[in-house]
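Asks: The opening residue of the sequence shown carries number 0 in numbering that gives the first Met the number 0; numbering runs sequentially from there.
It should be emphasised that the hints constitute simulated quantities derived from the structure, not laboratory data. All C-beta atoms in this analysis are idealised placements derived from N, C-alpha and C, irrespective of residue type, glycine included. Hints should not be assumed to be uniformly reliable.
List time: in silico SDA-like cross-link candidates among lysine to any residue, alpha-carbon distance up to 25 Å [what the hints assert, rightly or not]:
1) Lys188 <-> Gly73
2) Lys188 <-> Lys288
3) Lys75 <-> Pro110
4) Lys230 <-> Leu160
5) Lys230 <-> Lys288
6) Lys230 <-> Pro146
7) Lys188 <-> Tyr67
8) Lys231 <-> Thr281
9) Lys44 <-> Leu25
10) Lys303 <-> Ile202
11) Lys127 <-> Asp180
12) Lys44 <-> Gly17
13) Lys188 <-> Ala176
14) Lys188 <-> Gly143
15) Lys303 <-> Asp130
16) Lys44 <-> Leu18
17) Lys129 <-> His32
18) Lys81 <-> Gly59
19) Lys288 <-> Thr57
20) Lys288 <-> Gly108
21) Lys129 <-> Thr281
22) Lys129 <-> Tyr31
23) Lys280 <-> Ala171
24) Lys44 <-> Glu12
25) Lys188 <-> Asn260
26) Lys129 <-> Thr39
27) Lys288 <-> His169
28) Lys288 <-> Glu186
29) Lys75 <-> Arg302
30) Lys291 <-> Thr80
31) Lys280 <-> Glu295
32) Lys127 <-> Tyr31
33) Lys291 <-> Pro193
34) Lys188 <-> Gln178
With beta-carbon atoms standing in for the labels, derived distance ranges [as the list claims (entries may be wrong)]:
35) Glu224 <-> Val173: 38 to 44 Å
36) Ser282 <-> Cys223: 34 to 40 Å
37) Arg302 <-> Gly59: 18 to 24 Å
38) Gly158 <-> Thr57: 20 to 26 Å
39) Lys44 <-> Cys223: 49 to 55 Å
40) Ser172 <-> Lys195: 44 to 50 Å
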Amino acid sequence: MKEGCKKDEEAKESTLCGLNPCLKCLQPDILYHLGLNTETTDFPKVFGDVRFVCMGGTPGRMENFAYYVMQEIGLKINAATKLRNISEAGQRFSLFKVGPVLCASHGMGCPSISILLHELIKMMYHAKCKDPVFIRIGTSGGIGVEPGTVIISSEAIDGRLNPAHEILVHGASVQHASQLDESLADEIKMCHDPCKDSYEAVIGRTLCAHDFYEGQSRLDGAFCEYTPEMKKSYLETLQSQQVKNIEMESLAFAALTSRANIRGAVVCVAILNRLNGDQIKTSHDVLSKWEKRPQELVARYIRKVLYHNDDDDESEQPEDEAEAGAGGAGDTQKAPAEEAE
0 MKEGCKKDEE AKESTLCGLN PCLKCLQPDI LYHLGLNTET TDFPKVFGDV
50 RFVCMGGTPG RMENFAYYVM QEIGLKINAA TKLRNISEAG QRFSLFKVGP
100 VLCASHGMGC PSISILLHEL IKMMYHAKCK DPVFIRIGTS GGIGVEPGTV
150 IISSEAIDGR LNPAHEILVH GASVQHASQL DESLADEIKM CHDPCKDSYE
200 AVIGRTLCAH DFYEGQSRLD GAFCEYTPEM KKSYLETLQS QQVKNIEMES
250 LAFAALTSRA NIRGAVVCVA ILNRLNGDQI KTSHDVLSKW EKRPQELVAR
300 YIRKVLYHND DDDESEQPED EAEAGAGGAG DTQKAPAEEA E
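Please construct the entire structure, taking both the sequences and the accompanying hints into account.
Replies: As structure tokens, then:
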């Protein structure tokens, strides 16, 4: 660590706060898992215009979302080109840039998404981004809601119903509050049209588990040392505490974004009601349609922020073929014939 690396000297260009005071001393700063570094990439030039960072589990889902949101916000690329995976060199995550929207895959579970978030937050810092909004888009198991329902998280809690993300630092437990932006959840919820949309959207608490099977009280894992009655009692307790769904990333997402003063939201579709069973028996075609529902709401929110204001709901969007690949998003590869799930 170089001398003069003090917290009160933190760069003022970015709106992020509470970050590592030594980031400015890293020359270059290597974002290893994204395959990027500040020496070979001009972060302010490439990522300085980012206003929204959207993330989901799989590379394919987020590539599809990148093309979808590109269309929804009125950007175009040449039909013979394809969006480039900016983090391909890292061989861990996918990263696509569409104008002011960054789309990333985060893998599965809190350890994976926390790695991504550390490096995306550092990216926003080095790029000097102003007030970026982070949104996780995904699937989940519902608690007392109909399959296909979209749940916008009001709060992330652990299996003990504690609203904090626990990590071990030097062998000691450290807990960070898992707060999500309530006003952002409301804004996204307002993008749902109950008259036109064939699904319900609700706001509720989200339980974040560190395991898909035992941690979520499933009966279909390789191991199960509890009874169906114990499972039923636990899930009913969750329902009585206004928990609407269970997934595996919201604790780390909420804790890391709130620590950095980033507005964050988690928007997931329930692909089953856990009170009625554990295994996912819905057809792939139906699941594919359900998975698009959070993407639709988030794209509407982004479009509204970019092109609408409080006084004029008819604000115009650009009619030009705005280059979606600006800032390193495009690549001269053949575009896919159609979206693949």
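Asks: Now, for every hint given, state plainly whether the structure supports it.
Replies: Quick rundown of the hints versus the structure:
| no. | hint | in the structure |
| --- | --- | --- |
| 1 | Lys188 <-> Gly73 | holds (22 Å) |
| 2 | Lys188 <-> Lys288 | holds (19 Å) |
| 3 | Lys75 <-> Pro110 | violated (35 Å) |
| 4 | Lys230 <-> Leu160 | holds (16 Å) |
| 5 | Lys230 <-> Lys288 | violated (29 Å) |
| 6 | Lys230 <-> Pro146 | holds (19 Å) |
| 7 | Lys188 <-> Tyr67 | holds (20 Å) |
| 8 | Lys231 <-> Thr281 | holds (22 Å) |
| 9 | Lys44 <-> Leu25 | holds (19 Å) |
| 10 | Lys303 <-> Ile202 | holds (20 Å) |
| 11 | Lys127 <-> Asp180 | holds (21 Å) |
| 12 | Lys44 <-> Gly17 | holds (24 Å) |
| 13 | Lys188 <-> Ala176 | holds (23 Å) |
| 14 | Lys188 <-> Gly143 | holds (19 Å) |
| 15 | Lys303 <-> Asp130 | holds (16 Å) |
| 16 | Lys44 <-> Leu18 | holds (21 Å) |
| 17 | Lys129 <-> His32 | holds (24 Å) |
| 18 | Lys81 <-> Gly59 | holds (14 Å) |
| 19 | Lys288 <-> Thr57 | holds (16 Å) |
| 20 | Lys288 <-> Gly108 | holds (23 Å) |
| 21 | Lys129 <-> Thr281 | violated (41 Å) |
| 22 | Lys129 <-> Tyr31 | holds (24 Å) |
| 23 | Lys280 <-> Ala171 | violated (42 Å) |
| 24 | Lys44 <-> Glu12 | holds (14 Å) |
| 25 | Lys188 <-> Asn260 | holds (22 Å) |
| 26 | Lys129 <-> Thr39 | holds (22 Å) |
| 27 | Lys288 <-> His169 | violated (45 Å) |
| 28 | Lys288 <-> Glu186 | holds (23 Å) |
| 29 | Lys75 <-> Arg302 | holds (15 Å) |
| 30 | Lys291 <-> Thr80 | holds (24 Å) |
| 31 | Lys280 <-> Glu295 | holds (24 Å) |
| 32 | Lys127 <-> Tyr31 | holds (20 Å) |
| 33 | Lys291 <-> Pro193 | holds (16 Å) |
| 34 | Lys188 <-> Gln178 | holds (18 Å) |
| 35 | Glu224 <-> Val173: 38 to 44 Å | violated (29 Å) |
| 36 | Ser282 <-> Cys223: 34 to 40 Å | violated (27 Å) |
| 37 | Arg302 <-> Gly59: 18 to 24 Å | holds (23 Å) |
| 38 | Gly158 <-> Thr57: 20 to 26 Å | holds (25 Å) |
| 39 | Lys44 <-> Cys223: 49 to 55 Å | holds (53 Å) |
| 40 | Ser172 <-> Lys195: 44 to 50 Å | holds (47 Å) |
When the structure is compared with the earlier hints, violations turn up for hints 3, 5, 21, 23, 27, 35, 36 and for no others.
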